[in-house]
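Novice: Given the structure of chain A, go ahead and fit chain B onto it with the hints provided.
Chains as they are written, first to last, in our numbering: chain A, 1 to 256; chain B, 1001 to 1256.
Do not take every clue at face value.
Stated by the list, open to error - Distance windows between CB atoms, simulated:
no.: 1; chain 1: A; residue 1: Gly36; chain 2: B; residue 2: Arg1014; range: 26 to 34 angstroms
no.: 2; chain 1: A; residue 1: Gly155; chain 2: B; residue 2: Gly1007; range: 38 to 46 angstroms
no.: 3; chain 1: A; residue 1: Arg158; chain 2: B; residue 2: Ser1108; range: 45 to 53 angstroms
no.: 4; chain 1: B; residue 1: Asp1100; chain 2: A; residue 2: Ala171; range: 53 to 61 angstroms
no.: 5; chain 1: A; residue 1: Gly138; chain 2: B; residue 2: Leu1190; range: 31 to 39 angstroms
Stated by the list, open to error - Dumping the calculated SDA-like pairs for lysine to any residue here, alpha-carbon to alpha-carbon at most 20 angstroms:
no.: 6; chain 1: A; residue 1: Lys232; chain 2: A; residue 2: Lys110
no.: 7; chain 1: B; residue 1: Lys1110; chain 2: A; residue 2: Lys232
no.: 8; chain 1: B; residue 1: Lys1110; chain 2: A; residue 2: Gly18
no.: 9; chain 1: A; residue 1: Lys110; chain 2: B; residue 2: Met1129
no.: 10; chain 1: A; residue 1: Lys110; chain 2: B; residue 2: Gln1087
no.: 11; chain 1: A; residue 1: Lys17; chain 2: B; residue 2: Gln1087
no.: 12; chain 1: B; residue 1: Lys1110; chain 2: A; residue 2: Leu130
no.: 13; chain 1: A; residue 1: Lys17; chain 2: A; residue 2: Arg128
no.: 14; chain 1: A; residue 1: Lys17; chain 2: B; residue 2: Lys1110
no.: 15; chain 1: B; residue 1: Lys1110; chain 2: A; residue 2: Arg128
no.: 16; chain 1: A; residue 1: Lys110; chain 2: B; residue 2: Glu1133
no.: 17; chain 1: B; residue 1: Lys1017; chain 2: A; residue 2: Ala109
As the list claims (entries may be wrong) - Non-contacting residues of chain A with respect to chain B, defined by C-beta distances greater than 10 angstroms in every case (computed):
no.: 18; residue: Gln87
no.: 19; residue: Ser90
no.: 20; residue: Tyr120
no.: 21; residue: Glu133
no.: 22; residue: Gly138
no.: 23; residue: Gln183
no.: 24; residue: Lys232
What the hints contain is simulated information worked out from the structure, not anything from laboratory work.
Nothing here was measured: the structure is a model prediction, and the numbers come from that model.
Beta carbons are placed, not taken as given, at the ideal position from N, Cα and C, and that holds for glycine.
Number of protein chains: 2
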Amino acid sequence: MEDETEGAVVLERRAAKGPFVFVCEHAVNAFPARWGDLGLTASQRHAHVAWDPGALGLARALSVQLESPLVRATTSRLIYDLNRPPQSASAMPARSELHDIPGNADLSAKERLDRTQALYLPFHAELRMLLAEKLALGQRPILVTVHSFTPVYYGRPRDVELGIIHDADPALACAVLEEARAQTRLDSRLNEPYSAADEVTHTLALQATPLGLMNVMLELRNDLLPDAAAQKAMASLLAPVLQAALARIQKPLEVV
Amino acid sequence: MEDETEGAVVLERRAAKGPFVFVCEHAVNAFPARWGDLGLTASQRHAHVAWDPGALGLARALSVQLESPLVRATTSRLIYDLNRPPQSASAMPARSELHDIPGNADLSAKERLDRTQALYLPFHAELRMLLAEKLALGQRPILVTVHSFTPVYYGRPRDVELGIIHDADPALACAVLEEARAQTRLDSRLNEPYSAADEVTHTLALQATPLGLMNVMLELRNDLLPDAAAQKAMASLLAPVLQAALARIQKPLEVV
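Just chain A, same shape as in the assembly (with noise of 0.2 angstroms):
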């Protein structure tokens, strides 16, 4: 009933006023009772093709440390995958890399509608308002999506260990991973391990790049974010580059 109730989208520090704001789709791997568990055994749901481990933990110490809104979803993306529009077929996948989604097997059009009404719907509108509702009173959010991803896919490992994913407009990822190299030791990619071309942007695209805003997706491998202290150091090691990267694109050209 819990499930119920808490609707799709939590916003957190929803008042605080600095520049950022930070979106986590992937936050949590909740099942509500209303969809059930697709028929996933109990490891499955823990896994991270039900949501990103460690990546709410990260977003949400970048957005008490930066003091900026956190907007995060409720419920597993599994059952709507929020950085996906209604008619791509990851939004409710059938299949998640090795793993068959039996639940997601065959939907309806109507259950594809039951979801998004529910999940995409609200969320994105919650976000758009709070993003809207600051471009009212003359402020400029900058929309940060923060993922994280696994060591090994497709039984492949990956050595990248910080991602920076743009959309349209490049400027504050090109910026963030100048900060990231200069800052810290993670190796820090640009679209790497996904890009806009795998169609990971879509929440930047949909929310940022129409309103102008700058934007970035971050994605951190999750062997690096295991628990609530590592979480908070990362957040530690990456606000500094997420200002400084900030700083760096407003500041006023040089008159030569």
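Specialist: Structure of chain B alone, referenced to chain A:
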């Protein structure tokens, strides 16, 4: 009181099954009591700065003839121009063409926020909902925004009769131009009298581009839409243009 309860948006023929979704952001010149008449004279409130005369009649007739939904505004564009984001000076303009808008001079942040929350957010949330529902059901709605422009602007007469304007994806606009030239005698031009560079494609950029939907903005010179009969006749001219343009795009590429 009627104004207050009507809400920010009206959906006509919501359940219609045709391929288009028509949008009319500048449908009416209503000034609800909540915001008053902005200090304008009756003649200013009837001029094109307050709305797009004839656009609603045309959009509604297209919606009927093509059996497709229409999403339309309920309030003058001078209170909030729904085709502009909240941070745009022209969303709540202090001056429009030759007219000062006293009620928009020195708006406070709180007043801008109030209009954004009352008009912009619900209008675009309702449109998003309609589009996302169709996508979840496996349809690919085509977004067509319907506008009218004044024959004389800053004292200069305009020759163009039908302006066809695109956002990032020009495919449908180019097909509509070809068909308008083939099927009608209208002086039809691409990206006139405005283009995306004039910030007039916000609705397309916000609602169609991020979801990969085909889209076009139609601008009719308003002296061609003086009354219901003329608006209906123009719809009868343009409905086959839109249908043929759509067929032209959807036709599979021929193998040579």
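Novice: Confirm or reject each hint.
Specialist: Hint check results:
1. A:Gly36 with B:Arg1014: 26 to 34 angstroms: At roughly 31 angstroms between Cβ atoms, Arg1014 of chain B and Gly36 of chain A fall inside 26 to 34 angstroms, so the hint holds.
2. A:Gly155 with B:Gly1007: 38 to 46 angstroms: Check failed, 54 angstroms falls outside 38 to 46 angstroms.
3. A:Arg158 with B:Ser1108: 45 to 53 angstroms: Holds, at about 51 angstroms.
4. B:Asp1100 with A:Ala171: 53 to 61 angstroms: Since Asp1100 of chain B and Ala171 of chain A have Cβ atoms about 37 angstroms apart, the given range 53 to 61 angstroms is violated.
5. A:Gly138 with B:Leu1190: 31 to 39 angstroms: Taking Cβ atoms as reference, Gly138 of chain A and Leu1190 of chain B lie about 35 angstroms apart, which means the hint holds.
6. A:Lys232 with A:Lys110: violated (41 angstroms)
7. B:Lys1110 with A:Lys232: Measuring from Cα to Cα gives roughly 36 angstroms; hence the hint is violated.
8. B:Lys1110 with A:Gly18: holds (19 angstroms)
9. A:Lys110 with B:Met1129: Measuring from Cα to Cα gives roughly 15 angstroms; hence the hint holds.
10. A:Lys110 with B:Gln1087: Violated, at about 37 angstroms.
11. A:Lys17 with B:Gln1087: holds (17 angstroms)
12. B:Lys1110 with A:Leu130: Judged against 20 angstroms, a Cα distance of about 15 angstroms means the pair holds.
13. A:Lys17 with A:Arg128: Distance ~17 angstroms between Lys17 of chain A and Arg128 of chain A Cα, so the pair holds.
14. A:Lys17 with B:Lys1110: Satisfied, since the Cα-Cα distance of roughly 16 angstroms is no more than 20 angstroms.
15. B:Lys1110 with A:Arg128: Between Lys1110 of chain B and Arg128 of chain A the Cα gap is close to 18 angstroms, so the pair holds against 20 angstroms.
16. A:Lys110 with B:Glu1133: Within the cut-off at roughly 10 angstroms; holds.
17. B:Lys1017 with A:Ala109: At roughly 15 angstroms apart (the allowed maximum being 20 angstroms), Ala109 of chain A and Lys1017 of chain B satisfy the hint.
18. Gln87: violated (4 angstroms)
19. Ser90: Ser90 of chain A is indeed farther than 10 angstroms from all Cβ atoms of chain B, at 14 angstroms.
20. Tyr120: violated (7 angstroms)
21. Glu133: violated (6 angstroms)
22. Gly138: Non-interface label on Gly138 of chain A violated, nearest chain B Cβ at 6 angstroms vs cutoff 10 angstroms.
23. Gln183: holds (31 angstroms)
24. Lys232: holds (33 angstroms)
The earlier numbered hints that this structure contradicts are 2, 4, 6, 7, 10, 18, 20, 21 and 22.
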